[in-house]
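A.B. asks: Protein chains in written order, with the numbering used here: chain A, 4 to 148; chain B, 4 to 148; chain C, 4 to 148; chain D, 4 to 148.
Among the clues, some could well be false.
[Unchecked claim] Below are the DSS-like pairs computed for lysine-lysine, each with C-alpha atoms no more than 30 Å apart in a straight line:
#1 C:Lys-93 x D:Lys-130
#2 A:Lys-93 x A:Lys-108
#3 D:Lys-108 x C:Lys-130
#4 B:Lys-108 x B:Lys-16
#5 C:Lys-16 x B:Lys-108
#6 A:Lys-108 x D:Lys-108
#7 C:Lys-108 x D:Lys-130
#8 A:Lys-10 x B:Lys-93
#9 C:Lys-108 x B:Lys-16
#10 D:Lys-108 x D:Lys-93
#11 B:Lys-108 x B:Lys-130
[As the list claims (entries may be wrong)] Here are some, though not all, of the chain D residues that point toward chain B, as calculated from beta-carbon distances under 10 Å:
#12 Trp-25
#13 Ala-30
#14 Asn-35
#15 Tyr-81
#16 Trp-138
[Unchecked claim] Examples of chain A residues toward chain D, derived with CB under 7 Å:
#17 Gly-22
#18 Arg-24
#19 Ser-26
#20 Tyr-31
#21 Gln-41
#22 Asp-44
#23 Thr-49
#24 Leu-56
#25 Ala-76
#26 Pro-78
Honestly, the hints are just simulated from the structure, not real lab data.
Glycine residues also receive a C-beta, built at the ideal position from the N, C-alpha and C atoms.
Number of protein chains: 4
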Amino acid sequence: MRREPLKGRGDYKVWRDIGTRWSDNDAYGHVNNTIYYQWFDTAVNTWLIERGLLDVAAGDPIGLVVETGCRYARPLSYPDPVELGLAVQKIGSSSVTYLLSVFAKGSGEAAAEGHFVHVYVDRQSRKPVPIPGEWRRALESIRLA
Amino acid sequence: MRREPLKGRGDYKVWRDIGTRWSDNDAYGHVNNTIYYQWFDTAVNTWLIERGLLDVAAGDPIGLVVETGCRYARPLSYPDPVELGLAVQKIGSSSVTYLLSVFAKGSGEAAAEGHFVHVYVDRQSRKPVPIPGEWRRALESIRLA
Amino acid sequence: MRREPLKGRGDYKVWRDIGTRWSDNDAYGHVNNTIYYQWFDTAVNTWLIERGLLDVAAGDPIGLVVETGCRYARPLSYPDPVELGLAVQKIGSSSVTYLLSVFAKGSGEAAAEGHFVHVYVDRQSRKPVPIPGEWRRALESIRLA
Amino acid sequence: MRREPLKGRGDYKVWRDIGTRWSDNDAYGHVNNTIYYQWFDTAVNTWLIERGLLDVAAGDPIGLVVETGCRYARPLSYPDPVELGLAVQKIGSSSVTYLLSVFAKGSGEAAAEGHFVHVYVDRQSRKPVPIPGEWRRALESIRLA
Numbered sequence: 004m005r006r007e008p009l010k011g012r013g014d015y016k017v018w019r020d021i022g023t024r025w026s027d028n029d030a031y032g033h034v035n036n037t038i039y040y041q042w043f044d045t046a047v048n049t050w051l052i053e054r055g056l057l058d059v060a061a062g063d064p065i066g067l068v069v070e071t072g073c074r075y076a077r078p079l080s081y082p083d084p085v086e087l088g089l090a091v092q093k094i095g096s097s098s099v100t101y102l103l104s105v106f107a108k109g110s111g112e113a114a115a116e117g118h119f120v121h122v123y124v125d126r127q128s129r130k131p132v133p134i135p136g137e138w139r140r141a142l143e144s145i146r147l148a
Numbered sequence: 004m005r006r007e008p009l010k011g012r013g014d015y016k017v018w019r020d021i022g023t024r025w026s027d028n029d030a031y032g033h034v035n036n037t038i039y040y041q042w043f044d045t046a047v048n049t050w051l052i053e054r055g056l057l058d059v060a061a062g063d064p065i066g067l068v069v070e071t072g073c074r075y076a077r078p079l080s081y082p083d084p085v086e087l088g089l090a091v092q093k094i095g096s097s098s099v100t101y102l103l104s105v106f107a108k109g110s111g112e113a114a115a116e117g118h119f120v121h122v123y124v125d126r127q128s129r130k131p132v133p134i135p136g137e138w139r140r141a142l143e144s145i146r147l148a
Numbered sequence: 004m005r006r007e008p009l010k011g012r013g014d015y016k017v018w019r020d021i022g023t024r025w026s027d028n029d030a031y032g033h034v035n036n037t038i039y040y041q042w043f044d045t046a047v048n049t050w051l052i053e054r055g056l057l058d059v060a061a062g063d064p065i066g067l068v069v070e071t072g073c074r075y076a077r078p079l080s081y082p083d084p085v086e087l088g089l090a091v092q093k094i095g096s097s098s099v100t101y102l103l104s105v106f107a108k109g110s111g112e113a114a115a116e117g118h119f120v121h122v123y124v125d126r127q128s129r130k131p132v133p134i135p136g137e138w139r140r141a142l143e144s145i146r147l148a
Numbered sequence: 004m005r006r007e008p009l010k011g012r013g014d015y016k017v018w019r020d021i022g023t024r025w026s027d028n029d030a031y032g033h034v035n036n037t038i039y040y041q042w043f044d045t046a047v048n049t050w051l052i053e054r055g056l057l058d059v060a061a062g063d064p065i066g067l068v069v070e071t072g073c074r075y076a077r078p079l080s081y082p083d084p085v086e087l088g089l090a091v092q093k094i095g096s097s098s099v100t101y102l103l104s105v106f107a108k109g110s111g112e113a114a115a116e117g118h119f120v121h122v123y124v125d126r127q128s129r130k131p132v133p134i135p136g137e138w139r140r141a142l143e144s145i146r147l148a
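This is chain A alone, in the form it adopts within the complex (with noise of 0.2 Å):
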């Protein structure tokens, strides 16, 4: 299996540190492939919460995803702390694709890259809207370098 390399550090702008948990790493004992995608969730939400765009209570509009995946290229393990960088990679008129990596704490390689495909919805009806202005600045802000 050949693959596209990962991105590096170079290619984000905005960082997050998250810390391991115990229960994050599995029987062989790494973190499990399902936790990423809990840290993908929660550096999404956090960014557009700290910008002030989402407000998961009571906000509108509110993301729901639509579509992930990810590449794993070296294991991680509790109770090691690793940093996500993230990026936006495309804006549609209802959809925003951001793409995440995962790197180990002060590591200069990737341990993994996945992508995480966001729908903006009305939170009543849950139809897709168009994204709003503020939040269409502040996503063009991130734009994949």
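With the hints as your guide, set chains B, C and D onto chain A.
C.D. replies: Below, chains B, C and D alone, put in the same frame as chain A:
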């Protein structure tokens, strides 16, 4: 976003019932996107175990996850049970690509479709090994219809 | 550490089968201690839902967890399925203490025993409310034998 | 239900910051009760690892969880970070009871308080062993104030 249509029930020969858990639902009241990957992990490994191929505690080889992905088409919610269809899409020298679809129990329309790539490695060295003949024959028998 | 013996199968009238997941096993190869609480949450809420009492999305009251605890006696491991016995130990004006035991499927000896205390609250105000009569009758019917 | 008041910040000498994750919130919009136990597991094991006592992959002894419990006093929600206070409440010949309190970052009032009982066992036989002297001295140093 136009997307390739999801596979239907007829594409799968192997089926697995999975119960949902209270904690599967997230703040938006639906099963969180990360949980589908717990189901994929479970469906693939359980099939390997039931076929007498994989022994999680002591067997050789073991399967490491190198790539996963999922497209989500309709929401699922605890307490409703789900069914997973499992098939083999591609068999390489050391790696296998599985295809999995999630259906609400009894539904004709897939709620999500994912792929899951295992590389089979030596338990100690964690280096890829050729897929044993017995594994290969079992994997061939559940090729995507 | 001497400890009170765990309850036996005869103490329970309500039973629930639960499947284990790959990710339930932790780095020591057994179901992680936190997963049992996912099962407790699931067993209690599913029973309330099936009895037509709890409606997670829109009903009133809802149950908030104010106390939980568990004693672990023997390990469990994915892929083995488990069975939970569920009973009501104490009914207060707004709170209910449930007792739950986990058994490896078919085993006569409990692997773990826990308690789970729900306070029933108004969905909006989140203030405790008296347990409705219909709930109380259902709860009385599954008193610990 | 009258309950013993929760411990305060002054009772703890060891503190740990923990980030919350999107998936920690459940359908009612607050951190699910099971997640607190992931934090307890993490706080206890990370302290043991940082003190050079526990080696998850290869060390001896290892700690198995035989009892846990938690009382929940106020809700917590992603994305807010939390702080855990950790102390040793009781040291037996092979077992240790840890006390843990969870605070919203900066809050003076505990959101939850739990206990966590480890039995230290031989990695291979999984039989209880006397707590080594070096462990005992470290554990004594974080006795509940």
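A.B. asks: Look at each hint and say if it fits the structure.
C.D. replies: We went through each hint and held it up to the structure:
1. C:Lys-93 x D:Lys-130: It is violated: about 36 Å lies between the C-alpha atoms, which goes past 30 Å.
2. A:Lys-93 x A:Lys-108: Measuring from Cα to Cα gives roughly 27 Å; hence the hint holds.
3. D:Lys-108 x C:Lys-130: 24 Å, holds
4. B:Lys-108 x B:Lys-16: 16 Å, holds
5. C:Lys-16 x B:Lys-108: Answer holds: Lys-16 of chain C to Lys-108 of chain B is near 27 Å, not above 30 Å.
6. A:Lys-108 x D:Lys-108: 23 Å, holds
7. C:Lys-108 x D:Lys-130: 24 Å, holds
8. A:Lys-10 x B:Lys-93: 26 Å, holds
9. C:Lys-108 x B:Lys-16: 27 Å, holds
10. D:Lys-108 x D:Lys-93: 27 Å, holds
11. B:Lys-108 x B:Lys-130: 39 Å, violated
12. Trp-25: 7 Å, holds
13. Ala-30: 4 Å, holds
14. Asn-35: 5 Å, holds
15. Tyr-81: At about 8 Å, which falls below the 10 Å cut-off, the nearest Cβ of chain B leaves the hint on Tyr-81 of chain D intact, so it holds.
16. Trp-138: 27 Å, violated
17. Gly-22: 6 Å, holds
18. Arg-24: The hint holds - Arg-24 of chain A has a Cβ within 7 Å of chain D, the shortest such distance being about 5 Å.
19. Ser-26: 5 Å, holds
20. Tyr-31: Interface hint status for Tyr-31 of chain A: violated (11 Å vs cutoff 7 Å).
21. Gln-41: 5 Å, holds
22. Asp-44: 4 Å, holds
23. Thr-49: Cβ of Thr-49 of chain A sits 5 Å from chain D, so the hint holds.
24. Leu-56: With a minimum Cβ separation of about 13 Å from chain D (threshold 7 Å), the hint on Leu-56 of chain A is violated.
25. Ala-76: 20 Å, violated
26. Pro-78: Constraint on Pro-78 of chain A not satisfied, violated at 12 Å.
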